[in-house]
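Protein chains: 2
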Amino acid sequence: MSNKSAIGVFDSGIGGLTVTKEIMNQLPKEQIIYFGDTARLPYGSKSKATITMYSRQIIRFLLTKDVKAIVIACNTASAHALETVRKEIEIPIIGVINPGAKVAAETTRNGNIGVIATEGTIRSGIYNEFLGEIRPDLRVFGKACPLFVPLVEEGWIDDPITKEVVSRYIQELLYKDIDTLILGCTHYPLLRKVIREVVGDGIELVNPAYETARTLKHVLEEQKLLSEETTTPEHTFFVSDGAEKFRNFANTILPCEIIETKDVNIKTFE
Amino acid sequence: MSNKSAIGVFDSGIGGLTVTKEIMNQLPKEQIIYFGDTARLPYGSKSKATITMYSRQIIRFLLTKDVKAIVIACNTASAHALETVRKEIEIPIIGVINPGAKVAAETTRNGNIGVIATEGTIRSGIYNEFLGEIRPDLRVFGKACPLFVPLVEEGWIDDPITKEVVSRYIQELLYKDIDTLILGCTHYPLLRKVIREVVGDGIELVNPAYETARTLKHVLEEQKLLSEETTTPEHTFFVSDGAEKFRNFANTILPCEIIETKDVNIKTFE
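Going down the list, the sequences are from chains A and B. Numbered per the numbering used here, the first sequence spans residues 1 to 270. Numbered per the numbering used here, the second sequence spans residues 1 to 270.
Heads up, some of the hints might be wrong.
The list treats identical chains as interchangeable, and a pair is accepted whether it falls inside one copy or across any two copies.
Claimed, not checked - No farther apart than 25 angstroms at their CA atoms in a straight line, the calculated lysine-lysine pairs in the DSS-like style are these:
(1) Lys48 / Lys245
(2) Lys4 / Lys143
(3) Lys143 / Lys245
(4) Lys163 / Lys193
(5) Lys143 / Lys224
(6) Lys29 / Lys224
(7) Lys102 / Lys163
(8) Lys143 / Lys65
Read the hints as simulated data drawn from the structure, not as lab findings.
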């Protein structure tokens, strides 16, 4: 393992690609090895023990690829597994929740923060917990938006139906006088434009994908692990099911074209 | 196993409850043991191999309850696994696809049949295959409607947003001059009212849940397995995750109240 090694990124499926995109933008010299656990998604409704077991298997798989750092590009796995698995490996490992929470706490002026996320993330209370640790005086209002992920996966990104759905979900947060809104699911940055139209200019949108890539850059700098390659890195994408479908979707999101995705039997990485 | 044994019904989650409801209506003396694989839903996006493995585990679980027949109340599992698992067990096993396809083929006058279902079911081409076997002259037009399930699960059943989504999905089938529309996902009968508003009165809606219960009745009669109990049967509901959430939803659908649902570790039924 050296600064020439790749960065491992994983998610329950395709959501983590928004984080990958930010890493590619902010750290264009870094090679990425992505794992999407498409056979076992969604993680949102599963228990802490299950998610921790899944995360361990994926980390073991990524370590066979000699990665120098790992990004858990999934809110549920960050919430349930990060603390445990961090103690078990030697390389830096970063989740998506802390970076977003930190920036939201710095950004808010009136102390009212909204969080939109999947039902699992909202129910876990993880953003309330993290934000409370940073600034106990904050008021945090969560709202589960279970239709956002299927709308994104349907490709109805800039669409009147999506705008109506966004409007209905976000209305109750607007009544709470929030001035900062965390996009607490890795799919949601893809709805950023429509969300902006609904909330207007007075509310800061926090994109944890962007903040996570910034944190990663900072960590790699600190540990002198930044790549110094001058050739364009070749990224690799692995999934546990449906490699082709994954590739098609990924090619609509990422700034580079994915030529191939590979299937992995992740359960064998016990 | 005797005619006093229960009927096993399974689905990836709650969708199969529409089939269960029809069985309760048409076969009120039969006891039902339901399994909803809520920990591993949705099935729609998973591969044939994965769905077959899941179905095998669930069938093994249901057989421990001494069931006399099994209904795969899930289109994806019916499409991917029925043919394989039918050869592996001794009791009757029925899927939801054949009964609906049969009635649709009998119903159509102009030979143009529309099928709405999840992406997995449409991609499998299973309705085209079954309909083609019954009547090779039919023209079958499939349309995946991935937003319908989350809309139902959000409870937005009779809702302007849902009507707009239905309208957008179904428009291209209307252009094909269909006169019969199969509701090819077990959640969809819950959207029947809105679908009817969009398609008007000129199109027959086929509800495979209803037809499956009819087929089950017929099979039990033939094999002399009909229950002759005179007391009201006590149904049992098992899920692989989130028993309480399941129970709440089930109680909005079923004609009887579910008092208790139980969690099962389905992966141990290898």
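Worksheet item: So which of those numbered hints doesn't the model satisfy?
Response: Those not satisfied are hints 2, 5, 7, 8.
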